[in-house]
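So the protein sequences, as listed, match chains A and B. Here the first sequence is numbered in numbering that gives the first Met the number 0, starting from 0 and rising by one per residue. Here the second sequence is numbered in numbering that gives the first Met the number 0, starting from 0 and rising by one per residue.
Do not rely on the hints blindly, as some may be mistaken.
In this list, chains with the same sequence are indistinguishable; a pair is considered to hold if it fits within one copy or across any two.
Unchecked claim - Pairs of lysine to aspartate or glutamate, DMTMM-like flavour, derived with a Cα cap of 20 Å:
(1) K43 to E6
(2) K141 to E15
(3) K141 to E32
(4) K270 to E227
(5) K127 to E15
(6) K141 to D217
(7) K129 to E196
(8) K141 to E22
(9) K159 to D257
(10) K129 to D63
(11) K197 to E246
(12) K127 to E138
(13) K204 to E246
(14) K18 to E246
Calculated directly from the structure, the hints in this document are not laboratory data.
2 protein chains.
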Amino acid sequence: MIKKYLEKNRRLIDKELGKYLPERISRPRIIHEAMRYSVLNGGKRIRPILVLESSRVCGGRIKDVLPVACAIELVHSYSLIHDDLPSMDDAATRRGKPSCHMKYGEALAILTGDSLLSLAFNLISREKNKAKIGRVVFEISKAIGSFGMIGGQVMDLNVKGAKKADPHTMQYINSRKTASLMAAAAKTGAIIAGASEKEIKALQKYGEHLGLAFQRVDDILDRNGYAEIFGAGGAHDESKRLISKAEDALEIFGRQADNLRHISDFVLNRKH
Amino acid sequence: MIKKYLEKNRRLIDKELGKYLPERISRPRIIHEAMRYSVLNGGKRIRPILVLESSRVCGGRIKDVLPVACAIELVHSYSLIHDDLPSMDDAATRRGKPSCHMKYGEALAILTGDSLLSLAFNLISREKNKAKIGRVVFEISKAIGSFGMIGGQVMDLNVKGAKKADPHTMQYINSRKTASLMAAAAKTGAIIAGASEKEIKALQKYGEHLGLAFQRVDDILDRNGYAEIFGAGGAHDESKRLISKAEDALEIFGRQADNLRHISDFVLNRKH
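Use the sequences and the hints to build the structure in full.
Written out as C-alpha cells, the structure reads:
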C-alpha cells in the first residue's frame, strides 16, 4: 500500500517538476537540458512527498503546496550535482547514469546546480499565500546554508581524508547534510497549511529524526559512516531508535498521520 | 561629491555585511572564514547602493531596505566566486588578492558561493514588510537564474573559445550577466519602498541601462568584449548612449533622482 502511495505521489511530483523546469528548447538550451537531465532522473521524491503529506495532515490542500514541494526537490538536486563534482565526491555516476559534470562538463554542472537553487526560490515566491512566503524562505535558506546542509558537506569533506570519523562528527554531518532539509520539508508543509506552532514543531521533529534514520540506512547500504564505526547491526538498531522517535512526534495527529508512519517504516526497511 | 556619497554608503554597506555574515569563529569555521574573505574585500558596493538610492527616491527608509541591499551584494559575491573557478574563468586573483579557490581550494570555493546565495535569500526573508517578500524573491531569483545572470555566464563560456563573438551575442551576454542583477537591484529598492508600478518600471529601466553601460566600460578598461569588436572609441560612444538612456528613465523623479544621475556619470567616467 505504501508503495502505491509513494508511486502515485512520485508521479505527481515528476509531472509538476516537468512543468516548472524550463523547456529544453529555451535559450541557452544547454543549461536547460542539463537542468532537466539532472532533476528528471527517477528519484524517489521522498522530500517533496514529505511536504505534501505534512501539509495534508495539517488540513492543507495538495495544490497549494506543490510549488514548495518541487522547490525542495530542486534544492536536493542542486546539492547532489555539486556533491558529485570532481573537487568534492568525484562521482562519475548518479542513479546509474553519468553524473551532471560527466555529461555536460564541470563548468556547466556548477551552473546547473546554481540555476536549480535560484529556480527553487523562484517557485517558493509563487506560493499563493503571500504572507507565508517570508517564513518558508527563511526556514529553507537556513536549513541549506552554512549552518545547515552546506555546513554538513564542509565537515564531510574535512573527514574524507581521515580513515574513521568520531561518532560526534558523524552525528554533526548527518544532522546537517541530510536531516536538516528533511526537517525543513516537513516543517514548511505544515507552515503553508496554516498549522499551529505545536504542529509545526512536531512535524519538524518528525522530519529531522526521519532524516537521521535515512542517513543511517544509507550508511548500512553503502557500508560507510556509522555502519563503519558500529557495524551494520549497531547502525540498524540506531535507525530503529530514530524512526521510533520520529513516530513519537506524530502522536498529536492520531490516525491522520498514518501515511507519515508508513513513510518512516519504508525508510527504515528500504533495501536501496 | 559623488565620491563622498559613494564612500559613505560603501562604509554603511560594509558594516551591515559584517553583521549579517556569520562570525569567523562559528562552526564550521573554514566556510565562514571563506565567506567573510570573499565578501569583505573592498568592493565598490554599487549594486546595494542602487537598492538604497532607488528606495530613497521612492520615499522608502534606508533602514528598511538594508537586508535586501546586502542580499544583492552577497549574490554578486557568489557569482564572482563561481565565475573565478578553474573550470570557468580560471582567475587566480580578485581585487589584487588570491581568488577564493586559490586561497581555500576548489571544493570550498564552490560551497562558499552556494552559502552566500542561500544567505542572500535568508536576508531577504527578514524584510520587515512581509507582504513584499514574495515579489522581491521572485524578481531576484528570476534575474539571477538560467534566463538571467546564469544564462549570460553560460553564453559567455560558449564564446570564450571563439576569437570574436558577434555583437548580438555580446549584447545577450551583457544584458544577462551584468545588467539583469543591476536592474533587479534598482527595481527591488523601489518595490520595498512601496513605489507605483510606473516608478518601479522606470527604475528597472535605469538599472538595466546602467548595467549595460557598466559592462561596456569594463570592456574598455579590460580591452575585450565590445571594445574588441568596435574599438575603445565605439565602445565609449555606446556607453554614453546607454547612460543617457538610463538617465532618461529618471525624468519622472525630477531632482529627487540626482544621486542616481551622479551614480551613472560615475559609472561612465570610472577609470578602474
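Okay, the hints, checked on the actual structure:
1. K43 to E6: within (8 Å within a copy, 52 Å between copies)
2. K141 to E15: Result: close only across copies, 19 Å inter versus 25 Å intra.
3. K141 to E32: between (29 Å within a copy, 18 Å between copies)
4. K270 to E227: within (18 Å within a copy, 59 Å between copies)
5. K127 to E15: Intra 16 Å, inter 32 Å, cutoff 20 Å: intra-copy only.
6. K141 to D217: The answer is neither: 24 Å in one copy and 35 Å across copies each exceed 20 Å.
7. K129 to E196: both (19 Å within a copy, 19 Å between copies)
8. K141 to E22: Answer is between: at 15 Å across copies they meet the 20 Å cutoff, but 30 Å inside does not.
9. K159 to D257: neither (38 Å within a copy, 55 Å between copies)
10. K129 to D63: both (12 Å within a copy, 19 Å between copies)
11. K197 to E246: within (15 Å within a copy, 53 Å between copies)
12. K127 to E138: The answer is both: 17 Å in one copy and 16 Å across copies each meet 20 Å.
13. K204 to E246: within (9 Å within a copy, 54 Å between copies)
14. K18 to E246: neither (34 Å within a copy, 39 Å between copies)
Of the hints listed earlier, those the structure fails to meet are numbers 6, 9 and 14, in rising order.
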